[in-house]
Amino acid sequence: MALDDSKREFRFVGTRPDRPDGLDKVTGRARFGADMNAAGMLHGAILRSPHAHARIVRIDTSKAEALADVKAVVTRADFAEVPFKPGLAGEVWNVLENVMAGDKALYDGHAVAAVAATSALAARDALKLIEVEYEELPYVTDVNAAMRQDAPVIREGAADFSVPDDMHPNVVRRHESGHGDVEAGFAEADLVIEDSFETEATHQGYIEPHACLGQLGKDGKGELWCCTQGHWIVQKTCAALLGIETANLRVTASEIGGGFGGKTTVFIEPVALALSRKANRPVKIVMSRAEVFRATGPTASASMDIKVGMKKDGTITAAQGEFRLQGGAFPGAPGDMTAMCAFAPYDLKNVHQVGYDVMTNRPKQAAYRAPGSPMAAFAVESVVDELCRKLDLDPIEVRLKNAAREGTKASYGPRFERIGLVETLEAAKAHPHYAAPLKPGQGRGISCGFWFNHGGETSVSLALSEDGSVQLMVGTPDIGGSRASMALMAAEVLGIPYENIRVTIADTASLGYNDVSHGSRVTYASGLATIKAAKDAVRKLSQRAAAKWGIPEDAVKWEDGCAVPSGPNAGDFDPLPLAEITAEMGQTGGPISGHFEATPEGAGVSFATHIVDAEVDRETGATKVVRYTVIQDAGKAIHPTYVEGQFQGGAAQGIGWALNEEYIYGEDGRLQNAGFLDYRIPVASDLPMIDTVIVEVPNPGHPFGVRGVGETSICPPLAAIANAVSAAAGVRMRHLPMSPPRTLAALKARDA
Amino acid sequence: MEYHSPASFDEASALAAQAQGVTRFLAGGTDVLVQLRSDLVTPDTLIDVKRIAGARDITRNADGSWTLGVAVSGAEMREHAELGRDWPGLVEAMDLIGSTQVQGRATLAGNLCNASPAADSVPAMVAAGVRVTITGPDGTRQAAAEEIPTAPGKTSLGKGELVSALHVPARGDRGGDAYLRFIPRTEMDIAVVGAAVNLRLDGETVTEAWVSLGAVAPTVLLVEDAAAAIIGTTLDDAALAALDSAARAACSPIDDKRGTVDFRTEVAGVLARRAARFAYARAKGDAK
Ligand SMILES: Cc1cc2nc3c(=O)[nH]c(=O)nc-3n(C[C@H](O)[C@H](O)[C@H](O)COP(=O)(O)OP(=O)(O)OC[C@H]3O[C@@H](n4cnc5c(N)ncnc54)[C@H](O)[C@@H]3O)c2cc1C
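Residue numbers (UniProt numbering), protein chains in the order written: chain A, 1 to 752; chain B, 1 to 288.
No lab work stands behind these hints, which were simulated from the structure alone. Any given hint might turn out to be false.
Unchecked claim - Ranges between beta-carbon positions, derived for each pair: (1) A:GLU667 x B:THR100: 49 to 59 Å; (2) B:PRO152 x A:ARG124: 54 to 64 Å; (3) A:LEU391 x B:ILE231: 49 to 59 Å; (4) B:THR100 x A:GLY730: 35 to 45 Å; (5) B:PRO152 x A:ARG750: 26 to 36 Å; (6) A:ALA39 x B:GLY153: 41 to 51 Å; (7) B:PRO152 x A:LYS311: 43 to 53 Å; (8) A:GLY730 x B:ASP237: 15 to 25 Å; (9) A:GLY675 x B:ILE58: 32 to 42 Å; (10) A:LYS311 x B:ASP286: 20 to 30 Å; (11) A:HIS431 x B:ALA151: 53 to 63 Å.
What the hints assert, rightly or not - Calculated cross-link-like contacts (lysine-lysine; reagent style BS3-like; alpha-carbon spacing at most 27 Å): (12) B:LYS154 x A:LYS624; (13) A:LYS748 x B:LYS288; (14) B:LYS257 x A:LYS624.
Stated by the list, open to error - Not close to chain A: a few residues of chain B, all C-beta gaps over 12 Å, as computed: (15) THR155; (16) THR233; (17) THR234; (18) GLY269.
For glycine and all other residues, C-beta sits at the position ideal for the given N, C-alpha and C.
Okay, chain A solo, but in the shape it has when bound (with noise of 0.2 Å):
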């Protein structure tokens, strides 16, 4: 869908100005989850189930309900009622399940009860004299192992439609897709390499722990402050896990300290809002680093098995995945998306995929920045490589003979509008990194990589003051610089400087319905609605003109932050800047606003290629990366410097997850890791700079062209450093993370 309105000159769009939450954040002014308090408030604490997997026969609570410092507990039995259903269907039922056992402790770390008292050492302290009585069950961590027949059940009844009935009941939905003749494609093949590949799982490891600050009053009416990427989200689930009405709870959101797709549900906030109900004052829960690796949403963790076919000459003629993932013990591990996503950049004759989800014994997996994408290009990226390498290919080369381009009939199945993958793969060809040499003992590894890109209910008011200055009101809280791209955006369409633009992440009662700030559709979405919403103030702007200059509205034009007549014929007015409409407008028809609705469609899939070059001790295992370049279409880049701070950021938290990520759980089902010691995301020295390249492609579907840019860019790290590893060692590495032992071992095994 193209739009009459798109626009490709720009005045503020493209330059770098301060962030508006940049002094307040280097200075400590800004406020994040923990940093509200309230008078009489409580400290909330959660008690965790110790057991991989237990049948709760009894909770008692009295002697914690004795001690003068606890004014409330509550357990599942202070929550509403919710209906359960398979699969997706039963959302709301998962969430509750999981923020609050209930017949069951599903996971170690799963929630079984909670306090709230005079002081958060009170509460801890009180959450000891908790008895509760378990009955241990057998348990499985591994998606493999959950899938076979012997394996313990989690709960029956929770898969959908699309699983078959032969398959155990954990595996709880099923996807397949695809196009041509597969079978066909790998007889017409001069090479077919099959192989399979593992990751675990990853926490997306925001610094800021959850934290909340609620207030429920008998009557059903709350407040809740909290850490979230979501809002409404939070209104919404909140009030149906209470049995309350969902605008009788306004939800505001903090500043946030990194979300990456982690916080768009709920954990502690209902809990907070049930203790504060019971206790009649408000409740601050704060998680600690433990309970948040133990009880938050990890990522997925991931088995492939790949069979890709190719042609001497480096066509591929067929290529097929199938793709298990766990997400925990409830249904929602993104095996529809990993398979659609894993063939995206080919354009394929031959494809077909099938994605699974499976419960185990583990938290409830959330969002981290394009679920199931960066596995599945791990998977894929890695085969086409040995292809590359056993037919003596280019691996850009072979990338660009096959790329996805506008009109592929996409693996997954739409036809692709105007894309930039090919864009991409030129620059990283052309790109100084990919031709300079390789020290001794090093490799170099390239990826491509895919992401959706999401639309999303959008909503946003923009109000002019007197003065002419401007407040913007998005719905979308700002995970990455968006303030800064939104001011920018209607900088644009109003004319006025990017400083006159005060953009505040309005609450729940002051704005209709936002989605979450996820699927990378801030810029994108709130960016189309804010543009959108100017246009409205500017057209009630040029009315005003119209009205004063006593000619039709249709005479006037906006140009350069002042209203003017549209050509000669229309009157000879000197122009009406912004500031003298606005200062005359409460004699003139009132307030000026504007505002805009939608769920926009257009958000427009997004590529990347990655260029790394690794070293290995091949006497220790240890890798470095020593040079990474980002090279990813962002359709227009609004404020570059936060473009590229998403590139750096996806390669980084990539580096992480490639190298020394991992859930770790030990035979007792315990979740070995839970602290940032032993669960390794990379520290500053363990990063070389990170280079970006911006590829400007437009995207139709956005007046300015605009391309989310915040997960793509997590999409080819696994693979471009598995490949760069893989070379450096001199052989394949299947299974992330590549920790030195793993690595050790793969040299070792290559040598006996």
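Chain B with the ligand: place on chain A using the hints.
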């Protein structure tokens, strides 16, 4: 919880001897306070040693040996140029611990008495031949650093005993020490394997050597076979290979989230070799 800040080691010892329940000495607190906050160990009695006279002193004795106070921080050691010239391996081992913030507090004595098999400064202390003075209800005694830890989290110190000083030998001529650790990242991590080597040369030949390994057994090891493998050699390839296999033979590690038995054993040999080469270069004056 009771908190005490005694003025002398005798007083500290008497307080500890009388205390009921769980007692912890508080040096830098970078283990004690972390364990307290994470609900692992909640002491009934905390005895702060930082206010005791001399506890923060670094003293060079007339014979060239060093006496270090038990509250000397890693940062204070690193900023002491002379100590670093004599014992670069020991100072670097201590300096590897934690971050700038942790360095401002963490101590050698705390690292030793926390008794983690992965403690970074301990192999360096053991290789250097560090001895400690222990003050207890029955007066003072001395022990070698390697005699303090007995198992993960356990020491040979009796009730009421605490370390009151650390003694580092005189460096002497043509000596060098080095400590290397393996961590998956570049900093802020815990050793998966640690190896310290301290040696002395006569000409090009190694005449004395001490090899110590960390994180490959329940306690830090002093590996005499590994030292024997390089004594009398010029650290040629054969000597290094013998050192590597002696180091590996001494390992009895565990499989855990940080590394496998195979990995730890293999890397212990590698690090022993690399540390020996480094110490050798230092002894010859080819490296700082
Ligand atoms: C962020 C961080 C990073 C870290 N990184 C590392 C690392 O890289 N390598 C490493 O080895 N360690 C590391 N540690 C652990 C810790 O910093 C070290 O073990 C440190 O040396 C402990 O010294 P301390 O003075 O803080 O000990 P404290 O915490 O004060 O005491 C530790 C133990 O020693 C006992 N103790 C202290 N003094 C005496 C004494 N005089 N006599 C008898 N017993 C005594 C205490 O009772 C306690 O059991 C890290 C810790 C943190 C918080």
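request  = Taking the shortest Cβ-to-Cβ distance between B:THR234 and chain A, state whether it exceeds 12 Å.
outcome  = holds (22 Å)
ask   = Does A:LYS748 pair with B:LYS288 here, judged by a C-alpha cut-off of 27 Å?
value = violated (34 Å)
key: Hint check for B:THR100 and A:GLU667 - Cβ pair distance inside 49 to 59 Å   = Since A:GLU667 and B:THR100 have Cβ atoms about 38 Å apart, the given range 49 to 59 Å is violated.
task = With 54 to 64 Å as the target window, see if B:PRO152 and A:ARG124 comply at their CB atoms.
result = At roughly 26 Å between Cβ atoms, A:ARG124 and B:PRO152 fall outside 54 to 64 Å, so the hint is violated.
task = Using the beta carbons of A:GLY675 and B:ILE58, state whether their distance is inside 32 to 42 Å or not.
result = Given range 32 to 42 Å: holds, Cβ gap about 33 Å.
key: B:ASP286 and A:LYS311 - C-beta distance against the hinted 20 to 30 Å   = Violated, at about 57 Å.
request  = Over 12 Å to the closest beta carbon of chain A is the bar; see if B:THR155 clears it.
outcome  = holds (22 Å)
inquiry  = Would the hint linking B:LYS154 and A:LYS624 be met if the CA-CA limit is 27 Å?
reply    = It is violated: about 36 Å lies between the C-alpha atoms, which goes past 27 Å.
ask   = CB of A:LEU391 to CB of B:ILE231, is that within 49 to 59 Å?
value = The hint (49 to 59 Å, Cβ to Cβ) holds, given that A:LEU391 and B:ILE231 are roughly 55 Å apart.
query = So the hint says 15 to 25 Å: do the beta-carbon atoms of A:GLY730 and B:ASP237 match that?
reply = holds (23 Å)
key: B:PRO152 versus A:LYS311 beta-carbon gap, inside 43 to 53 Å or not   = violated (59 Å)
query = Can the suggested window of 26 to 36 Å be confirmed for the beta-carbon pair B:PRO152 and A:ARG750?
reply = Given a distance of about 35 Å, which is inside 26 to 36 Å, the answer is holds.
The earlier numbered hints that this structure contradicts are 1, 2, 7, 10, 12, 13 and 18.
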